[in-house]
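**Student:** Starting from the known structure of chain A, fit chain B onto it as the hints suggest.
Those protein sequence lines, which keep their order, are chains A and B. Read left to right, the first sequence gives residues 0 to 408 (numbering that gives the first Met the number 0). Read left to right, the second sequence gives residues 0 to 408 (numbering that gives the first Met the number 0).
No wet-lab data here; the hints were simulated from the structure. Treat the hints with care, as some may be off.
The list treats identical chains as interchangeable, and a pair is accepted whether it falls inside one copy or across any two copies.
To be verified - With a cut-off of at most 20 Å between alpha-carbon atoms, the simulated EDC-like pairs for lysine to aspartate or glutamate come out as follows:
1. K130 x E104
2. K29 x D55
3. K178 x E47
4. K179 x E47
5. K34 x E329
6. K179 x D48
7. K29 x D102
8. K178 x D113
9. K203 x D399
10. K291 x E257
11. K100 x E54
12. K331 x D123
13. K33 x D102
14. K408 x D206
15. K179 x D113
16. K93 x E47
17. K178 x D48
18. K383 x D399
19. K287 x D223
20. K248 x E227
There are 2 protein chains.
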Amino acid sequence: MRGNIVVGQSGGPTAVINSSIAGVYAAAKKVGVKKVFGMVHGIEGFLEDQLIEMEDYLEHPTGIELLKRTPSAFLGSCRFKMPKIEGHEDVYEKVFEIMEKHDIECLFYAGGNDSMDTVKMLSDYAAAHGKPQRFMGVPKTIDNDLPVTDHCPGYGSAAKYIATSLKEVIRDNESFGAKKPTFCIVEIMGRNAGWLTAAAALAKGADCNGCDAIYLPEKTFDIDAFLEKAAYLGKTKSSVVIAVSEGIKVADGRYVCELANENVAVDAFGHKQMSGTAAYLAQLVAEKTGLKTRAIELSTLQRSATHLASLTDINEAFQAGYAALIAAEEGKTGMMITLDRNCDDPYQCGTSAYDIHAIANVERKVPDEWITPDGCGLTDAYIKYARPLIMGELLPIFVDGLPLHLVRK
Amino acid sequence: MRGNIVVGQSGGPTAVINSSIAGVYAAAKKVGVKKVFGMVHGIEGFLEDQLIEMEDYLEHPTGIELLKRTPSAFLGSCRFKMPKIEGHEDVYEKVFEIMEKHDIECLFYAGGNDSMDTVKMLSDYAAAHGKPQRFMGVPKTIDNDLPVTDHCPGYGSAAKYIATSLKEVIRDNESFGAKKPTFCIVEIMGRNAGWLTAAAALAKGADCNGCDAIYLPEKTFDIDAFLEKAAYLGKTKSSVVIAVSEGIKVADGRYVCELANENVAVDAFGHKQMSGTAAYLAQLVAEKTGLKTRAIELSTLQRSATHLASLTDINEAFQAGYAALIAAEEGKTGMMITLDRNCDDPYQCGTSAYDIHAIANVERKVPDEWITPDGCGLTDAYIKYARPLIMGELLPIFVDGLPLHLVRK
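Just chain A, same shape as in the assembly:
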C-alpha cells in the first residue's frame, strides 16, 4: 500500500481488542504504510472525521507493549448499525469521502457479528460503485460466536478470567463447610451462545471440584427441574456453585431475567440488556430450600480483566490484526481473518482470510454434542477445545500497585 490506512473498534470491548490494533499497526509499519489512523468511537466517530494518528502513541518502543496490556477499546467503541444502502447512499458516500480526504486505502474494523456487518456493507458498496478502497474485518468478541473461525480473539481471556474467578469463588464458598452450606449462582455473559458460560467448566481440575451445574442458553431452562436439582444439591453437598448464562430462556421463549423484571431495556441493535438471572434464581432457591444463597454477576469484569488475559489470546488477537493488514496488502477486501486450528496437542493455530458474507450476522452456538446429556455440563471435547485458549499470561506493567494502561490524550 502506498497510502494510509485506518483502524477502528466496535461493539463490546474485550481484554485483547487492543492487541488487534497493535497487530494492524505493526504489520503496517513493516510493509511501509505511511500513516495508520485510528477512528475514535468506531465508524460513528469516523463519519464525523474523528481520527487520531497511532504513531503518536506507539512510536515509543513500550507503546505496543502497553497497548497489549490495556483493556477495553483504546480508540473508543460504538454500537452503530450502518443503515441499508438504498436511501442512505449519503452515509456511505461520507465514509468514502473521508477515506479519500486522508488518502486511506483500507479500513480495518475489529468487532463481532454486528461489526462484521459494517465491513460487509461497506465492501459491498465499494464493489457496486467501483470504489478502490478495501475493507477488512478483524474478529473480536468474548462471545466466541462468529462462524468459520475456530474461535474468536477475546474469548480466551474472558474464559481464563471466568474459570479463575469461578475457582476462587468455589474455594471461598466451600470455606464454611457442611454446617453452613451456601448456594452460590454465578451469572455469566452470553445472550444466545453459551461459550462464555461453558468456560466455567474449565475451573475443574485436580485441585477443584468445579461447578455443580452449568446452564447454557442453547438448552431450554426448566425452572422446576432446576429447583429439584438445587434442593438435592443443597441436601447432599456442603457447598454448591452453579454457573448460569444471562441468556437462559424458559420454554415459552422468555429470558429468565425477564421473569424477574418485565421492563428489560433494549439497545441500538434491539438486543435486550440482560441482568438479574442469578439474583432471581438465588431467591427461588432460598425460598425452596431455606439455604443461604448468593448471586454473583461477573458483569463487565469478565470482558475487561486484562490483568489476567490469556497470552495465547493476546498473541492471536495481535496476529489477526497483522494478518488483516497483510491480506489487504495482497489486495483482498470484504473479508474477515479467521483463526484456523491446525493441531490440538500441541496446540497450533494459523490465520486465513474468509468472505465476510459467510460471517456477518451468523451466530455460532456451542455444539449440542459438547453439552452433557443432562443439559447442565460440558463434555471433554469442549475442554479439549477451550483449554489451549486460556494458556499463558502476560504480566501487566504495575505502577503504584496497579496495572498501567495506555490512554488517548
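**Tutor:** The following block gives chain B in isolation, referenced to the frame of chain A:
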C-alpha cells in the same frame, strides 16, 4: 515450646489468610515445635476434634509457596460465637480437654473482630482457671476494621483487587463515549467501615480519572442529594462510575439495601446479609435520568482474588503469623499481633503483640478527616496510608492456564 500447637481460621476468608498459617507453621518449625495441628473449620471443628497435621501438606518445599497462593481458608472457616462462660463451662472445658489430649500448648486463631473475641474468652477462661495453655490472635480481615493495628492482613489484597477492577470497569465504561453514556454503580463490601470502598480511590492515577464519587457507610447516605449529583454527572460526563459501600444507610438508620428488600437475612452474629444496594440505586438513577445504568457487585470475588494479591499483604500476613508464634514462645497469651507502621516513605512496617481486651469487638472506621468535605471522596491522607499496602505481586503458579491451589485431602 516443647509440646504442640494448633492453628485455626475463622470468619470471612481473605486472599492471604493462608499466608498467616504459613507464617505460624514456619516459625513453629524454626523454634522446634513438635507438631503443628490445623483445626478444620475453626473452633467449631476443634470442639469436634477435627484436626489435621500441617506437616502432611507443608513438608514439601513447594507447600508453603502454594499455600500462600491459595485463596479462602485452607483449613476451612466457621462463624461460631463462643457462648458466655457462665453456664457454658462445659464448652470451655472441652477446648482444654482436646488441647491436653493432643499436648497442645498454644492455640493460634486468625480472624477479625468476632474471632478475636474467641481468643479473649479462651484466654480469660485459662487465666481464671489456672490453665497453662496460651491463646494468640492473628489479625485477618478484608474489612480493615480492627483497632490498634495500623492495618489488617487481607485488606491490602482486597484493596488491590478493588482498585484494579475499578480501573478496568472505568476503562470499559468509557469506551462508548458521549453518544452512549453509561452510569455504572459498583457495590463494595463493608458493613460498617468503609475501608474497602475507600480503596476505589486508589484507581485514580495518570492513566485513569478514577471514580466520580465514593460513598462510605461512615456518612449518612442522602438519596435526594445522590440523585441530584447523578443527574448532574449524567448530563456533564460521557462515562460515570460510582463506588458505594454495601453498608450505606439513610438518615432513619435503614440500610439502602433494605429499601429494596425488607426481608434481609441475618447470620449467626446477627449481622445482616447485604446485597442489592447498587442495583437499587442504579434503578433509581435510570428512572430519574433515563440513562443506561449498570450495577456491579464485587461480591466474594474481592476477598478471594488471590491471583491478584498484594505481595506486601502476603508478606505481612505471613509475618503476623510468624510473630504470633514467637510471642507465644516468649510466654505471651491473650494477645493479638499488630502491624506497626514505622515509616510511610519508604514504607516500613513491624509487628508487636497487644492485649486482646483492647481489640476484641472494637470496630475502627475510616477517620472523618480522610473523607472529603462533600462526603463522597477520599483525601490524599488516605491514599498515602493505603497505597503502600497494595504494592507488589506474587505470581500464581499456573497449571492448565489457571492458578494452582493447595487443598485438604
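**Student:** For every hint, state whether the structure bears it out.
**Tutor:** Tested hints:
1. K130 x E104: This pair counts as within: shortest intra-copy Cα distance 10 Å, inter-copy 86 Å.
2. K29 x D55: within (17 Å within a copy, 56 Å between copies)
3. K178 x E47: between (61 Å within a copy, 12 Å between copies)
4. K179 x E47: For K179 and E47, only the inter-copy Cα distance (16 Å) is at most 20 Å; the intra-copy one is 58 Å.
5. K34 x E329: within (18 Å within a copy, 71 Å between copies)
6. K179 x D48: between (59 Å within a copy, 18 Å between copies)
7. K29 x D102: within (19 Å within a copy, 72 Å between copies)
8. K178 x D113: Result: close only across copies, 18 Å inter versus 49 Å intra.
9. K203 x D399: between (34 Å within a copy, 10 Å between copies)
10. K291 x E257: between (24 Å within a copy, 17 Å between copies)
11. K100 x E54: within (19 Å within a copy, 72 Å between copies)
12. K331 x D123: within (13 Å within a copy, 81 Å between copies)
13. K33 x D102: Classified as within: same-chain Cα gap 10 Å, cross-chain 78 Å, threshold 20 Å.
14. K408 x D206: Only across copies: K408 and D206 sit 10 Å apart there, 45 Å inside one copy, limit 20 Å.
15. K179 x D113: This pair counts as between: shortest inter-copy Cα distance 17 Å, intra-copy 46 Å.
16. K93 x E47: within (9 Å within a copy, 77 Å between copies)
17. K178 x D48: between (63 Å within a copy, 15 Å between copies)
18. K383 x D399: Cα proximity of K383 and D399: across copies only (11 Å, versus 39 Å in one copy).
19. K287 x D223: within (11 Å within a copy, 37 Å between copies)
20. K248 x E227: within (18 Å within a copy, 37 Å between copies)
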